[in-house]
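*Asks:* Given the structure of chain A, go ahead and fit chain B onto it with the hints provided.
Sequence order for the protein chains is A and B.
Counting from 1, position 108 in the first sequence corresponds to residue 1076 in the numbering used here; the numbering is continuous, with no gaps.
Counting from 1, position 23 in the second sequence corresponds to residue 98 in the numbering used here; the numbering is continuous, with no gaps.
Wrong hints could be hidden among the right ones.
Short derived list, chain A residues pointing at chain B, Cβ under 8 Å [stated by the list, open to error]:
no., residue
1, Tyr1039
2, Arg1043
3, His1057
4, Thr1066
Hints in this document: simulated from the structure, not taken from any laboratory.
Ideal Cβ placement from N, Cα and C applies to all residues, glycine included.
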Amino acid sequence: MIEIEDITKSYSGTVVVDRVNLSIEPHTICVIVGTSGSGKTTLMRMINKLVDPTSGSIKIDGEDIAGIPAYQLRRRIGYAIQGHGLFPHRTVGQNIATVPRLLGWDKAKIGDRVDELLELFQLDAAEFRDRMPHELSGGQQQRVGVARALAASPNILLMDEPYGALDPVIRAKAQEDLLAIQRRFGTTIVLVTHDMEEAIRLGNTIAVMDKGKLLQCAKPAEVIANPATPFVGELIGTSERPFRLLSLAQVGDSIEAGDAVGEPIEASASLRDAYAELLWSGRPALPVRRDGRIVGQVTLDALSRLAARPQ
Amino acid sequence: MTLGTIIRFIAAAALLLFLSNPEPFSGFFSLFTKNNQPAIYNQGSLLDITLNHLLIVLAATVASTIIAVGLAIIVTRPFGTEFLPLSRSLANVGQTFPPVAVLALAVPVLGFGTGPTLVALFLYGLLPIFENTLTGLSNLPPTVTDAAKGVGMTAKQRLLQVELPLAMPVILAGIRLSVVISLATATIGSTVAARTLGEVIIAGLLSSNTAFVLQGGLIVGVLAVLIYDALSALERLLMARTGQLGRAAA
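Pulled out of the complex, with its shape left as it was, chain B reads as follows:
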């Protein structure tokens, strides 16, 4: 077990302990409070808020993945190549549009709550997944795609049995980027009343309670690092299993 693995394990354990029972940590967080402010967030269960935060990120990422991978598959098929520039600019727009602006524009349509946040995260997550899927599907070893055709696979069989499995590590890298961006971006959803960890940070900012800001920020940060690492490990595993480690390095 490497030092990195040990640190990650300790961080995960501390996070779980803190979320299930934050009281023992109040001593540490009271160092950052003034005038007898509460040390631990007291306007709802941190565990519930965290789970809700993760759920919003998960829902948005699943939706982005379905749309982005679907689009990338279509534009890499012979009938879809004309749509490549169009879909590229669509995904780019999603990325350039600031999430705060999406929130502001979505509130009049969808009202306050989780809706606008989901829309912002969905749009923001499209581009990394789309670009990576495109790269993965268009940079397959030519001898392998030639062989897949030559043995008599239909277009669908080639996609499902050869192209997607071989592109999977690269697609997963896109999903990983998207998840990490969404984890951080979801916090601003609390400005339009979505129940995310941003709520804790905003509460701290409004009452000048550094302990709250720190709690919200730490939870989001540790979650992002752990999820990033877990997905990276999964990618490496997939690469090794498909004999592509050399290809990725090259």
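If we strip away everything but chain A, and leave its shape as in the complex, we get:
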């Protein structure tokens, strides 16, 4: 549980973060969205004391972080940034081992942990452990950056535009991996992005910031249906609203009985994908497949109702 209470940061009179209150439930992903200069990164960097607040307090599991030495606090919190920030003079293995080494784990335990994380991020341990960061592709560097952040199994992971430098295909894959890892370890993730699409895709809650103020903090469906201010609505994009709403649910949640014909869609696909497929193939209904078996259908009518503004 991260409780941010009435926090303000100003630099020589300019207020960057303005009296923000935000609490982040454990084991959830909270995405802070805003344009550049909105104060979103500053807000996040106050959680691991990379920025000292001008006033206000932050508590982690009830403990005020003001009383914890910064370096000790940071070793307990994973930190992954855009452009990965890997140490260029250290191998992939040494990079991942950074925090465990700072914490004084013994060598064998560190080695096992490095290999475990490499496998978790689908990098062959024997092949990648001794490579240098500059020998890796952008996507691989990014994965190593997140692996380093997770090395000491932190309860909290802070991510600053982690996928900003990746191309759309690799980004989608990285987002999927992050969701899988979050489900597996239950890590509380605070992620900063300017991309509303990414926020809706990843966030259990979305916190929208503008000019240092927190405008709205709510579940994605709520932010889409009832934006708190016109600015939030603008970030969502009025013409995108129905599709963003559909992208929140899976086909499996809206199965009806029926025997539609043609190419089936997977139950794990998003309703948005199903809707696109319905429109594209000109069919009124699609068969739904789960574990290789047809389990029902999803209809254009049902999706049109679901895409409408919630009453």
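*Replies:* Structure of chain B alone, referenced to chain A:
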């Protein structure tokens, strides 16, 4: 092996041969003598003089490196930023003061011999190392320094494990400049009786023996080129190992 490497190898071999046994080269150097002057320097072993020359340069460079790198580290820490202008002007003074003047001023205090030369070389070597260390420590990739903080390294751990290793190629370039300047400047130390290769050159000048001047000059020149190249190669190696070759070119 490139042509350059072959030439360097031959030069190094010739230098070593000449220093260990100069007699076979007397035929060549006698071309530059008049009136049966000796062709090879005869007032001491060239090898000893060369080693002493190198030793003085080494001692002065080690001292400059310790002080200059130390100063640069201090002024790049949060508590030391106020001293940045002061230390910059100190290092600049060291560089602007002509070594001959330093020698002249140091002799009354330190007496004749190696002392004044060491002082002059030390002062003269400070600036390149200081400026390069400053550049190296203040131009680190911001994402890397941010990450070093973010993972929970203390200030000391950041300096020793991230900042200095990444700045090392640039620091080394400063040391290289300083060494080459000192190698040449050390020769004038012989005017105040320091035992350097300047002694050979001065002896030649006093007796109008071009062969001596040539010997002293060639040894210093070849040493400077070889040491410069060796340190450059070391820098490139460090750059490549830390994945910074692209950064250096940019």
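*Asks:* Evaluate each hint against the coordinates.
*Replies:* Cross-check of the supplied hints:
Using the Cβ-Cβ criterion of 8 Å, the hint placing tyrosine 1039 of chain A at the interface with chain B is satisfied: the shortest such distance is roughly 5 Å. Proximity of arginine 1043 of chain A to chain B holds as hinted, the smallest CB-CB distance being about 4 Å (cut-off 8 Å). For histidine 1057 of chain A, the suggested interface contact is upheld, since its CB lies about 4 Å from the closest CB of chain B, less than 8 Å. At a threshold of 8 Å, the smallest CB-CB gap from threonine 1066 of chain A to chain B is about 5 Å, leaving the interface hint in force.
In this structure, none of the earlier numbered hints is contradicted; all agree with it.
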